[in-house]
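Going by our numbering, the letters in the sequence shown line up with residues 1 to 564, in that order.
No lab work stands behind these hints: they were computed from the structure. One should not assume that every hint holds.
Claimed, not checked - DSS-like cross-link-like pairs, simulated, lysine-lysine; straight-line CA separation at most 27 Å: (1) 91 to 302; (2) 224 to 214; (3) 302 to 224; (4) 79 to 91; (5) 91 to 75; (6) 302 to 86.
Claimed, not checked - Ranges of calculated distance between the beta carbons of each label pair, as one might list FRET restraints: (7) 138 to 412: 51 to 59 Å; (8) 339 to 235: 48 to 56 Å; (9) 497 to 224: 52 to 60 Å.
Backbone N, C-alpha and C define an ideal beta-carbon position, used for all residues, glycine too.
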Amino acid sequence: MSGKKNPAARALPVIVVLAVLGTAALATIALLMGAAIDRYASGARGVEKSWVMLIGVALLVAALVAVLTPRLVAKATAKQESSDRKAILLKYFALGAGYTGAKAGGELISLATDAVEKRARFRAGFSAPAMAAVLAPILVVVMIGSFIDVLAALLLAIALPIIPLLVTGFQKLFRASSANYRRSQGRLAASFMDTLNGLGMLRLNNAEGAAGGKLAAASEQVRKQVMKLLAGNQLVLLVIDATFALGLITGSVALASWRMSSGAITVGQGVAMVLLSTLMLQPVAFVGGFFYIGMTGRAAEKEINALLHAPETLEHGITSHDGQTLLLQNLSAGYAGHTVLEDVNLQFPAGTHTAVIGASGSGKSTLIKVLQGALEPSSGTMTDGSGEVLNAAQLRAASAVLEQSAGLLGGSIAYNLRIGAPRATKDELLEVMAKVGLEDLELTTEVGEHGHGLSGGQAQRLALARALVAQRQLLLIDEPTSDLDPATEAQVLRTLGEVSAGTTTITVTHRLGLLAGCDRVAVLEHGKVIEAGGLAEVLASGGYLATALEASKNATNSIWGQHS
Numbered sequence: 001m002s003g004k005k006n007p008a009a010r011a012l013p014v015i016v017v018l019a020v021l022g023t024a025a026l027a028t029i030a031l032l033m034g035a036a037i038d039r040y041a042s043g044a045r046g047v048e049k050s051w052v053m054l055i056g057v058a059l060l061v062a063a064l065v066a067v068l069t070p071r072l073v074a075k076a077t078a079k080q081e082s083s084d085r086k087a088i089l090l091k092y093f094a095l096g097a098g099y100t101g102a103k104a105g106g107e108l109i110s111l112a113t114d115a116v117e118k119r120a121r122f123r124a125g126f127s128a129p130a131m132a133a134v135l136a137p138i139l140v141v142v143m144i145g146s147f148i149d150v151l152a153a154l155l156l157a158i159a160l161p162i163i164p165l166l167v168t169g170f171q172k173l174f175r176a177s178s179a180n181y182r183r184s185q186g187r188l189a190a191s192f193m194d195t196l197n198g199l200g201m202l203r204l205n206n207a208e209g210a211a212g213g214k215l216a217a218a219s220e221q222v223r224k225q226v227m228k229l230l231a232g233n234q235l236v237l238l239v240i241d242a243t244f245a246l247g248l249i250t251g252s253v254a255l256a257s258w259r260m261s262s263g264a265i266t267v268g269q270g271v272a273m274v275l276l277s278t279l280m281l282q283p284v285a286f287v288g289g290f291f292y293i294g295m296t297g298r299a300a301e302k303e304i305n306a307l308l309h310a311p312e313t314l315e316h317g318i319t320s321h322d323g324q325t326l327l328l329q330n331l332s333a334g335y336a337g338h339t340v341l342e343d344v345n346l347q348f349p350a351g352t353h354t355a356v357i358g359a360s361g362s363g364k365s366t367l368i369k370v371l372q373g374a375l376e377p378s379s380g381t382m383t384d385g386s387g388e389v390l391n392a393a394q395l396r397a398a399s400a401v402l403e404q405s406a407g408l409l410g411g412s413i414a415y416n417l418r419i420g421a422p423r424a425t426k427d428e429l430l431e432v433m434a435k436v437g438l439e440d441l442e443l444t445t446e447v448g449e450h451g452h453g454l455s456g457g458q459a460q461r462l463a464l465a466r467a468l469v470a471q472r473q474l475l476l477i478d479e480p481t482s483d484l485d486p487a488t489e490a491q492v493l494r495t496l497g498e499v500s501a502g503t504t505t506i507t508v509t510h511r512l513g514l515l516a517g518c519d520r521v522a523v524l525e526h527g528k529v530i531e532a533g534g535l536a537e538v539l540a541s542g543g544y545l546a547t548a549l550e551a552s553k554n555a556t557n558s559i560w561g562q563h564s
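Could you put the whole structure together from the sequences, leaning on the hints where they help?
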């Protein structure tokens, strides 16, 4: 997290102070009860009015603490969850598709939901009250020493380190079970999301049974890990209750009896000592919760911190892309040690439309990921026209991406348009809707999950409108019409040509028909650039692209000849 204190940390001192006040109030009542017993034993009748007032104030303080503490804990927990989810989502965006694409969707969702809840419950709902519970016995010992008997206080103080020592020992013993539980839960979430997303395909292939079996196995693994945690929890409770709770109460009664028999304290003080010793049991109430809330919360916190501390940017310098020519120099990139792009040298002049052509597997998709800042190059540089180096974060901020899938979210058209431009006005949204030919749709129209409420052409044009309203200098297009019928494809391409004028546009495709309207072209083969330059210039050279276009025309003529 950032240098700012998180909500749980800000609430912790208040919760601790309230808990200490509550303990002090109850301790005061115990001392006054002991004094009242001694007064009655001495033959005095009646009750001191000041004692009644003190007891009333103490009861009021204890009641306020009992009411306010849960509310503060709940409020801090909710704020902690909101803060963590915001930080995680911002980190996902900062890391880009290169990180999130390599993770299972269920794992990403589990981290932003279940892990956040467990961390918040641990930090706000457990840590602060537990810390207060640890301070309570110390306060009780001090009060016994101040108002009853110093020797008794010193003897009771011997028991103070027992709980922390036992908790530390059991924590080390069950740490592996907690980590295994978090991993199993993450795998279950990932399996569930994968199954849900592919449910239609599973049904078509009669594979529901196999998918259900996989989910059942993952669920069983989670159940086993939960049972291990709960078994450890019950073992801890048994040991703590047997060694500490029962021992402390028995010991305090024996200690009070001994000090009374020796004349060191009165009967009332002995009763007060036993009552006060029960307040020393407050940590015991949190020991059981420690092994479920505490251990799982710490495991979740470890996962969240690992994400939040993941490096975000390239190590090739930082500057801003201001719409100048984009230059790639000796750039190589790949995945897991496998090089896909090798020594690529390309230039994309500002305001031009460049088509990147190549067969499947030539490196086009890898190039588009590098250009949008989703993949870090293994070597080489990306610079603007002034020669300053660009990094992934700056490329993400400067680019808008239009892919095969429109990437629409459930919600209204206005909501989807404002994803890239949260402050866009209604007039600006209507203007860009008119540019892409969607003026007949209302901004309040619900697009449905994944844009299923719109036609394929409408969804792609809405995605284009979203890219335009963001007003980025670089428009990256990856096979935008691969899933569209010819008529819709022509409509989308015509709209694209009209609205992208003046924007540096890079279209990645394997379809030669998309070359129309492009100023420049680059041809990739096996991760290397084999042709690049102005479209007319490259075609005139008679190389690979010219040959491929001629072959495509001949194939088309042959097909029409067979059907004529």
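Tested hints:
1. 91 to 302: holds (15 Å)
2. 224 to 214: The hint holds at about 16 Å.
3. 302 to 224: Roughly 22 Å separates the two Cα atoms, so the pair holds.
4. 79 to 91: Holds, at roughly 18 Å.
5. 91 to 75: holds (24 Å)
6. 302 to 86: holds (17 Å)
7. 138 to 412: 51 to 59 Å: holds (57 Å)
8. 339 to 235: 48 to 56 Å: Hint holds: Cβ distance 53 Å, inside 48 to 56 Å.
9. 497 to 224: 52 to 60 Å: Taking Cβ atoms as reference, residue 497 and residue 224 lie about 59 Å apart, which means the hint holds.
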